[in-house]
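A.B. asks: As given, the protein sequences belong to chains A and B, one line each in that order.
Under this note's numbering, the first residue of the first sequence carries the number 1, and numbering increases by one thereafter.
Under this note's numbering, the first residue of the second sequence carries the number 377, and numbering increases by one thereafter.
These are computed hints drawn from the structure, not numbers from a lab.
Don't be surprised by glycine CBs; every beta carbon is placed ideally from N, CA and C.
Pair ranges (Cβ atoms, derived): (1) Leu148(A) to Ser450(B): 52 to 62 Å; (2) Leu318(A) to Ser522(B): 44 to 54 Å; (3) Leu148(A) to Arg625(B): 49 to 59 Å; (4) Ser454(B) to Leu148(A): 55 to 65 Å; (5) Ser454(B) to Ala5(A): 30 to 40 Å.
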Amino acid sequence: MSDPAPSITLSSLESEGALLTLAGSWVEGSDAPEFSEFLPRLTSTAPERVLVNGDELGECDSLLMAFLLQLANVCLERNIEFQTEGLPEGVVKLLEVATAVKPHREPEQERAPLLQQINPLRLLAGVVSDIKDSLAFIGEVTVALMRLIAGRANTRFSDFMTFCYQAGPDAFAIITLTSVLVGMILAYLGAVQLQQFGAEIYVADLVVIGMLREMGALMTAIVMAGRTGAAYAAQLGTMQTNEEVDAIVTMGISPVEFLVLPRMLALVVMMPLLTIYANVLGMIGGGIVAGGMGITPLQYINASETAITAAHFGVGLLKSLIFAVLIAVAGCRSGINSGRSSAAVGQAATEAVVTAVVYLIVADAAINILFQQMGI
Amino acid sequence: MSTTTSAHITVCDLTMAYGDFVIQRNLNFDINRGDIFVIMGGSGCGKSTLLKHMLGLITPAQGDIEFNGQSFFSAASSERDRMRRRWGITYQSGGLFSAMTLAENVSLPLQLYTGFSTREIEEIVDYKLSLVGLGGYQSYYPSEISGGMRKRAALARAIALDPEILFFDEPSAGLDPISSRLLDELIVQLKESIGATVVMVTHELPSIFDIATNSVYLDANTRTMIAYGNPNELRENSDQPVVRQFLSRGIEAVQDSAA
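So that you can see chain A by itself, here it is in the shape it has in the complex:
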């Protein structure tokens, strides 16, 4: 670069004026003067007007403009007359455009001290209002469900079918994989212990009870929370961003009836079916491991048959129904309340999965304790 380095010379004029001579090329990579360093030099002379001369300027880009804009703004603030006649025409025009609108000033906001911000009471209030919101949402869904039963809801059957397909057949592959593996894990877990007592045959009981009562419903629910719950949150969040939800509301349609109900009902219908499927595959997975331990398939099937009871089966199905509602509530609520940006949609999807998983585990524990007490 043969261009001269950028520089500023400040000289005083008669009658309280300051003459600024800008020279050199103000381009990327040149070590241009910093405005904050230059400002004290200018204010120390307390000028009434500032004249800028740019005759010796070489090539310049936005760097010069950024400097001049700060100068112009300072002059405006302090009632200093700013004369730009000595600058190139293009620069003057751009400066005019840039100063045409006064910078927006944020209204002063009082910020609470940090200690007050992390007030535990306030945190608790946040949790309480979150729970309230969830309950209100479940209330809205219940009202919508009543309208549906009364035949007055704006819920489309074709939507319901689409969501059934997405929450059912579409999920077969991943449910197959997870439940076979979970069945095998359960069998291995029991096998090591039972072998010590020579009671290998009870692996079948362990797998059957474990899958039917617990793992079949829970694993299916966790997979569906990650798969379908997150998808619901993302769909509804994107619709919120595109103002589609606004369009639905202004058409006089309840978004809960139109968007939430078909999704929730689809999950409620499909999840028990998926759970039954998962139970069967889990037992097959357990059988594979049992075969490896020297139990013949016939022995395994016989032992399983005696272990399967209506109570075990019913508990699993009941759980899957409750889990379906929880996943749909978590997913749809996060989606409907999502912010209107791409980041907010991502956040909604994350929130949907995290809340759903927490709900699932808490609900599962509660149900187990309840049935334990009731002796079922």
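Once you have looked at the hints, place chain B on chain A.
C.D. replies: Relative to chain A, chain B alone:
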């Protein structure tokens, strides 16, 4: 760089098609350096598609587009990226990154492609936002400002690198008349001060007559361009009634049928 009327962008024998469906064919025209060039035409004639071809977002079915005499579509992808860095583009709905503040949006290209220091970038961002009348809105997110402000913020990002070519897709659609005129003025100012070539798709007749220096009219029926030239002259002298009709908001047609 010194020649003033050399072709900056050349569209050569361009055919645009989605699969077998041809949208426009035989497009041949030049956009000169320093032009404000308008792509006109009725709805669905392929204006935005043509712009997307120019931006290299869609590969043409046939033909090529040259920038400074260099073919875009036969260039290597690294070369294409290098060419794209000299463009500034605003999309129909802004295309701002919604997860970033306005300042972050504008500073992104500066951080990626220039050697400015952090302080210099901050100052340049302030300047670019002031240019579009958004000084002081640095820490706002796109979702927190109005649609017109979003368009201007998108413009601030487009001019962050002082581009050689500015592409606009419907810059003033949805703006009030005053904002729309201010945006036009801003485009002219920017074009003059940074010496850029401007290519825009627009329907706004006042803005076409005010600032456009050259234009092309794409016809949806014949599926090719039927007029090329300064829109003010085309309005008076075009031999195509469709073009005169378009430029006079259909009044020409009424006069014709009355006569």
